[in-house]
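First residue of the sequence shown: 8, per the numbering used here; consecutive thereafter.
Simulated from the structure, these hints should not be mistaken for laboratory data.
Each residue gets a CB set at the ideal place from its N, CA and C atoms; glycine is no exception.
Careful, some of the hints might be misleading.
To be verified - Beta-carbon label-pair distances, calculated as ranges:
no., residue 1, residue 2, range
1, R136, A167, 36 to 44 Å
2, E143, K178, 34 to 42 Å
3, S121, E174, 30 to 38 Å
4, W185, T115, 25 to 33 Å
5, A167, W132, 40 to 48 Å
6, I88, N137, 30 to 38 Å
7, P113, L81, 32 to 40 Å
8, P113, V139, 14 to 22 Å
9, Q181, R14, 28 to 36 Å
10, A167, K114, 20 to 28 Å
11, K118, S170, 39 to 47 Å
12, K120, K178, 18 to 26 Å
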Amino acid sequence: MNDLRARIAQSDPHFTTTLFKFYYMEDSDSNSELSTVSVDSDTLTRLQKSKKNVMIETLPTGRLGLPVAPHPILPIKDAGIQILHPTTLILTKINRWSNICDSTRPKTKLKAKSDSGDIDYMLSWLAERNLVIILEDYSGQPKENLLRALGVLRKALLAAGKSDVLELLQKVLQAADWVAITEEATG
Numbered sequence: 008m009n010d011l012r013a014r015i016a017q018s019d020p021h022f023t024t025t026l027f028k029f030y031y032m033e034d035s036d037s038n039s040e041l042s043t044v045s046v047d048s049d050t051l052t053r054l055q056k057s058k059k060n061v062m063i064e065t066l067p068t069g070r071l072g073l074p075v076a077p078h079p080i081l082p083i084k085d086a087g088i089q090i091l092h093p094t095t096l097i098l099t100k101i102n103r104w105s106n107i108c109d110s111t112r113p114k115t116k117l118k119a120k121s122d123s124g125d126i127d128y129m130l131s132w133l134a135e136r137n138l139v140i141i142l143e144d145y146s147g148q149p150k151e152n153l154l155r156a157l158g159v160l161r162k163a164l165l166a167a168g169k170s171d172v173l174e175l176l177q178k179v180l181q182a183a184d185w186v187a188i189t190e191e192a193t194g
């Protein structure tokens, strides 16, 4: 895992790693102090001077409901790495979100809110590219569990009045899977 983080950080100065965390640092102001900080500077100083930081989770396969084998994959040629394809990656987010969305614990509520935003973005990204989620490609959970998680998401989107995101969800699911999560709600 650390080798992967190091290779990414070497390929793009926007990425940096601390002992346990991996970040993407977006600096929208080209005149900011970050652009003058040398690569050898203390990582924490770089993080503090960056205007926006995004912590990136890197998790081993087969843990926390993740697929046992990373399949399908999306090669990132510039960095020389392969990542879990977004049509599968979104299922990891939906699965986690569906398990924590009703929590009353403050930290968990924040994580659920962050996951929800990620899911909305990923649904839009997939729909723009006409990509479809194939539940059978996900080896981390049985299909029934994924359908349950998708059903929880569908209900939450309906309750929140997010019809635009609901349409995106329908667009990126196979027709039979959409029917399964809508029939579950009425059955």
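Review point. Of the hints given before, which are not true for this structure?
Key: Violated hints: 1, 2, 3, 5, 6, 8, 11; rest satisfied.
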